[in-house]
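Chains as they are written, first to last, in this note's numbering: chain A, 91 to 287; chain B, 67 to 633.
Warning: the hint list may mix true and false statements.
[To be verified] The following residues of chain A were derived to be distant from chain B, with all beta-carbon distances above 12 Å: (1) 107; (2) 157; (3) 276.
[Claimed, not checked] Calculated Cβ distances over 12 Å to all of chain A for the following chain B residues: (4) 154; (5) 225; (6) 404; (7) 421; (8) 586.
[Claimed, not checked] Covered by chain A, according to a simulated footprint, are these stretches of chain B (three or more residues, beta-carbon under 8 Å): (9) 111-120; (10) 303-315.
Just so you know, the hints here were simulated from the structure itself, not pulled from any lab data. Where a beta carbon is used, it is the ideal one built from N, C-alpha and C, also for glycine.
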Amino acid sequence: MSATPIRLGESPGSQFPTRGRVGMLSLIAAESGVFTIFVVAYIFYIGKSPAGPTPQEVLKAPIFYSICLLLSSATMHAAGRAIREGKIPVFSRWLSITIALGTIFLFGTAKEWFRLIYREGLTISTNLFGTTYFSLVGLHAFHVIVGLFCLTLVLLFVAFGQVEQKHEYQIENLSLYWHFVDAVWVVVFTVVYVLGR
Amino acid sequence: MEGEDRSMAMNSMPWPTTAVERPVFVDRLHDWITTVDHKQIGLLYIAYALMFLIIAGSEAIIIRLQLIRPHNSFVSPQVFNRLFTMHGTTMIFFVVMPMLFGFGNYLIPLMVGARDMAFPRLNAFSFWVTAFGGLLLYFSLLGGNGLYGAGNAPDVGWFAYAPLTSQTFSSGHSTDFWTLSILISGFGSIGTAINILATILCMRCPGMSLAKMPLFAWLYLVTAGLVILAISPLTAAQIMLLVDRYLGGHFFDTQAGGSAVIWMHFFWIFGHPEVYILVLPAFAFASEIIPVFSRKPIFGYSVMVAATVAIGFISMSVWAHHMFTVGMGPGANTFFVLSTMAIAVPTGIKIFNWLATMWGGQIEFRTPMLFSIGFLFQFLIAGLTGIMLGCAPFNWQLGNSYFVVAHFHYVIVGGILFTTFAATYYWYPKITGRMYNETLGRLHFWLFVIGFHLTFDFMHIPGLLGMPRRIYTYEPGRGWDHWNVIVSVGAFVQAAAIVVLLINFLWSYWRGRCSGWDPWDAWTLEWSVPSPPPSYNFSSIPAVRSRRPLWDLKHPDNPDWEYEGSR
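The following block holds chain B by itself, in its conformation from the complex (with noise of 0.2 Å):
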């Protein structure tokens, strides 16, 4: 009876459709604060990691400024120790984190055939759980002890050794807001974990067993479990030196029987694994990307997923490799030289692999393609360099020198940023309905190519005539000062290739032409729906029977299913 008496009620009366009206703006604010779509999630994931690549480059620049000639002083001592550690810390957790997470989280459920992630609310808790620490971090500016000049940003290095991080040597607040924007994002990583983790193993759409998943969800199922053992660490490491911090605990405090060596091991067994979170990523882009581009499926799809699964178990091993100079004694290093070797032989057989799908491809050397190549090339020599400072003799010879610091640039932005890159542009047509210009796209390319290797390549050599990281200034003369110049006219050339890249996507989202559905003649799922795709995905949950349910489609006298379980 009440139902019926409320429904009368509605008919009669001409529901007020233009009293609530608010203004537009406000309306698409609210509703982007306010989504639980994770393709949503995921773009706001990846705006809040450019906005931070921004921040964070731009301290980087300013490094490099102040390293351009000997006895320069275009910064303070304490301003360049602040400066490294934002850059560091903020690159890490507020820009390459984040941005894998979006790429993720836009594309797992389409790629996956569901139309949402399995928890969309916890989703939206671990954004903006993420986006707090962010905020976090740089409200020290603001709150850690004043303004500008007093004390502020936290200045004690991305890994934060003890004891710089006790009450004695870091007082005031800078190092409470590192560690707590730290400790809060980690919650929101390991949401996101959970998230992802129960997305691939539970909202699969029919058909897709686990080995007939996209290689990108296998490499991201694996980073969510690395996620999950690495974060935890480090969540626990940060609670431990808050209760030293705040309530007067000892575990780091030497003078009271602590130990500051066990905080490089607690930190490193986050950190190593963190590498690995960052770039199994980036081989899920290039494991997507390369095939396409090669007009040929995936090259020994069960040897990279095997390779996947055992550089996930062998990074939980190889952390103490940051710690050879420490002085582990004998068995230690040689325990962890070895599996650094081990590692290295998984990673190997993917490089093989990828170059064995593009041998005998028809190869398109599209904007994408260019930055695979690229990475695939660089990821070579970070990998080279790695396995040198992986011997315990040579990293004591280079350990904490611009050697080490080259190294793992190349890692990130060699490895890492070039996938991400290529993932940009691949995906770009997806996300906005729009095609890039390829033109920009190529001088982007070209630009931050020879950006990144006058930097990075060059780096190495300062670092092997023994110029030390995280020194705020130099000597003359110690044949260091070319070198030095090189590098920091590299940094100015890799920022303008980013200004192409914001000019390219900025004209290209209004002016560009429509991309339509699958602009790269690709084979999974996500481009079996419109560009940009509507909020619940997919009108009726696909099924699929091999692991390129679009060429099944498009070629139904030769779909692969008729192949894959010979196979």
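Here chain A stands alone, though its shape is the one from the complex (with noise of 0.2 Å):
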């Protein structure tokens, strides 16, 4: 037997998907398995405290804050289509602004967690609702913290002049990441400041 055995007919080209997206696709599948166990805990425990404070006397909606998110994943599309069209001043630019949004965001949450924590008196093991809050949008904080540090990464190798228009591909992949963040503050939102009060 050849070394080469199996050279029957013709090639086609290959047409699969990059990895580096079914990879990043496969991760965002896992972690929308973690956060829906979260959300089904909070929305099974709502209104099951025995003891206060309750979500309706301390939680107020952040809309600037979840706004600016929102933005953010508009800013990183637009990143990314400069950095498609090789333009990498403009990349840097919105990526910029992508990075001081999501900064924006969680300063709002450091902010309604200092509030909570030495105003109200509302902390992890106060109560019910205290353990399934701070899990849930400290979970979703983490994971834009996560976010923030690969996006302020890609800033520095920008910086660095590292970044050409070939790496489109990984950030397009860090983008789907970041969006992902930003689609589960929509259910984080929906459930702790909408259902949840």
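Join the two chains into one complex using the hints; note that each chain is given alone, in its own frame.
Written as structure tokens, this is what we have:
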């Protein structure tokens, strides 16, 4: 048997999806599973706390910060289009705006947590509402932090002149993750601030 | 200019070859620890699983020694609780899953005609994370409040029902070690699943459309999808448990409004797909081995694929048949009874397809085939007791009895372990380049069959007679005594069979005759490369036109691709 045994017929060109995209989508599927369980737990425990404070008393919908996060998805999309067209300075501008918007959102979460913990006396161990609220919102904030870390890393690469048009695939995968983090916030917002109040 | 200078310097100065020489052992160790090669990582997974198989098997032997007669005091009740917890957790998370990931890692790139997995470094990361998870579980013996006897290994059972796991009932750190080890190895499993999905979807060689993949790849594709969907709820549940234990949360704290039942839901929404995560790779082995030793292509390829995907979907909706005794109400009970019955249909289709593959074939009863046939019969019986337990009223009677223990060991040992043995014998020549000893292989098979049936056939009966699981001892005169003796004796026969396996493989590794590239006259791509395969697998990437590329090569007058399109 020869070393190249099975060259039979013509070899059709590879039409398979890129592995980075499949890998990122699989990761997003796994993360969705984690979030689903936390969301289910939140919904299941709405109104089950035997003692206050209750969501009605202490929660205020962070509408401005939510708009910032959703806008960051649009700016990330613009950044992706810029790099596809090879406009690195434009890409870097949109990327910076995305990072800024994400940071503003995180600041909003931090402010809300500070108010809840120090003014309202609600911590993760106060009651069932505190446990589910801080773990669900905290899990999302953790993902925002991871996303911001990766985006900042890209910005650093841009600053050192390491990003070119050929990196559009990597940027596309990263923006998939960022869109996912934003989409999760839509669910979390609906559950925590609309259904849960 | 600079590069020129450097090359000139290299030419004028002899490269020091002897000064940095290290001992061969250190070199090889370094090679294994830093490897990103899918074959080496696969072997690491398998070796690691074998190590834990021996540890968890020894735990099972101690459990059976304790239960061999009534009022035995071989181990204390506390130690008994730790033993069954560690046995279950180790076997599921650190034996069967790594074993299946090991075979997947080794074989998937070879079968789809790729040179490595899609993400080699993620692959190494996943293995080492899983490995450290297992070490963390056993570190509890040292770290869970001191040495032996001082409240050490986890003792909450492998599904760790709340509120047993709360700080109140499980002080110290043993439960923390349990939850962290599962959380961490879960990250490894998800990483490997992402890798398998990306490899199968993106790395196939030219011509290998989804419909021309070996069934092995199809089954691992669905398995990887299930790992993604099932391990993530487990991860979430473990995070909640950590929040409860470390941060004073109330997820599973019934006194603060939390629910113990929701832990059961979260655990079993992982736990039941997990069964299919474990059994689909077993199906993958059978689907490769049975056709080769029947000298026929697999019967009903497309139906097999459809049944696999159907099992994947339905398996996500049967979890609460583990919870009939909780009292979920007639609506939920009915739904989960019906979905459990439904999943028997695609599984039954698979069994009929394997039988139809064998039907009229020239069956060669080599060791891999013997284990596969054993699997067919035993998995059928395991499925039948599964249907019995899937009926809610029957389950109310026998839930938490030894009948349940017998049922799921029939699945895991009689189904999954038997096909894993079959796979080990089947691919041993490819992995080592040596043939195993057929006589010892047969001895292993018959010893294991006898031991298996002694243990697990007769374990059903004390269950039917009302013996609950997880009791450290029992009263004499309830009719359980003799059955327990037989069950324990069978465990020793199985242990002896494992010793035969180890002797066979160690002896054959050094003394076995060379197997050549393709000892079974098989049809998939891994047999078209040398044994053991070189690190780059294929010197040039193959192109395929059918599901049996080596058949096409060996029979150019009658190739498969002339027929497959029309089927």
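Status of each hint after checking the structure:
The claim that residue 107/A is not at the interface with chain B is violated, since a C-beta of that chain comes within 12 Å of its own (minimum 6 Å). Distance check on residue 157/A: its Cβ is at least 28 Å (rounded) from any Cβ of chain B, clearing the 12 Å threshold; non-interface status holds. Even its closest Cβ contact with chain B, about 19 Å, leaves residue 276/A beyond 12 Å, as expected for a residue assigned away from the interface. Non-interface status of residue 154/B relative to chain A is upheld: no Cβ of that chain comes within 12 Å, the nearest being about 22 Å off.
Look at residue 225/B: its CB is around 16 Å from the nearest CB on chain A, clear of 12 Å, so calling it non-interface holds up. With a closest Cβ-Cβ approach of about 22 Å to chain A, residue 404/B is found to remain outside the 12 Å limit, as its non-interface label requires. For residue 421/B, the shortest C-beta to C-beta distance to chain A comes to about 30 Å, beyond the 12 Å cut-off, and the non-interface label holds. Non-interface call for residue 586/B relative to chain A: holds, since the shortest CB-CB distance, roughly 14 Å, exceeds 12 Å.
For the region 111-120 of chain B, the stated coverage by chain A is not satisfied: 0 residues place a CB nearer than 8 Å to a CB of that chain, which falls below the threshold of 3. As drawn, the region 303-315 of chain B meets chain A at 8 residues by the rule of a beta-carbon pair under 8 Å; at three or more, the given contact holds.
Checked against the numbered hints given earlier, this structure breaks hints 1 and 9; the rest are met.
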